[in-house]
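Trainee: Sequence:
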Amino acid sequence: MSIAMNNEIVNNALNFAEKQIQQERKNVFSIIGYLTVAIIFILYLDNIGWRLDTFLFTVVGIILPLIAILSFLVLLGYAIYRKCKSQSCHQTFLIALAGLGIVALIFGAFMLAGTLGLGPVPQ
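So the sequence shown is numbered by full-length UniProt numbering: it starts at 1 and just counts up by one.
Take the hints with a grain of salt, since some may be wrong.
[As the list claims (entries may be wrong)] With beta-carbon atoms standing in for the labels, derived distance ranges:
| no. | residue 1 | residue 2 | range |
| --- | --- | --- | --- |
| 1 | I48 | F16 | 40 to 50 Å |
| 2 | A104 | F29 | 33 to 43 Å |
| 3 | L14 | I95 | 42 to 52 Å |
| 4 | G108 | G49 | 22 to 32 Å |
| 5 | Q87 | F16 | 56 to 66 Å |
| 6 | F93 | G117 | 30 to 40 Å |
| 7 | I39 | A104 | 26 to 36 Å |
| 8 | Q87 | N11 | 34 to 44 Å |
The hints are simulated quantities; they were obtained by calculation from the structure and are not laboratory data.
Heads up, the beta-carbon is just placed ideally off N, CA and C, and yes, glycines get one too.
With the hints as constraints, model all of the structure from the sequences given.
Mentor: Below, the structure is given as structure tokens:
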């Protein structure tokens with residue numbers, strides 16, 4: 001074996017070890033993130049007294065519309081970007097409008113539930 005071949009083998013092994021360490025670091029950060037979200041979720045449930053109706057109204061009334069509005073804005077920006085680059089953007093516009101429609105349906109359902117007296121009643 002020549003010295004160049006030995007150097008290449010050592011460099012490849014070191015590069016592989018570096019990439020493996022980076023991947024393990026990413027895995028550790030994702031595990032820490034998931035555990036943090038789970039702990040915050042458990043503390044939130046404990047704070048609301050383990051009432052499922054309050055949790056559902058929070059998720060459906062606050063979190064889902066925020067996700068739909070943010071996805072609408074991001075997809076609208078991406079569709080405009082694709083339009084400026086003369087690429088196909090019709091499907092992206094339709095999906096963005098679907099996100100806006102989800103928000104309209106959720107708020108409409110809450111208004112209907114409030115009108116019919118089906119929501120949580122203040123005491």
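Trainee: Take the hints in turn and mark each one as holding or not.
Mentor: Here is how each hint holds up against the structure:
1. For the hinted restraint 40 to 50 Å between I48 and F16, the CB-CB distance of approximately 48 Å keeps it satisfied.
2. Look at A104 against F29: about 37 Å separates their beta carbons, and that is inside 33 to 43 Å.
3. Checked against the hint of 42 to 52 Å, the C-beta distance between L14 and I95 comes to roughly 44 Å, which is consistent with it.
4. G108 and G49 have their C-beta atoms about 29 Å apart, which keeps the hinted 22 to 32 Å range intact.
5. At about 38 Å, the CB distance of Q87 to F16 disagrees with the hint of 56 to 66 Å.
6. Between F93 and G117 the Cβ separation comes to about 38 Å, which falls inside the hinted range of 30 to 40 Å.
7. Remark: the range hint 26 to 36 Å for I39 to A104 is upheld by a beta-carbon distance near 34 Å.
8. With their beta carbons about 41 Å apart, Q87 and N11 fall inside the hinted range of 34 to 44 Å.
Of the numbered hints listed earlier, the single one contradicted by the structure is hint 5.
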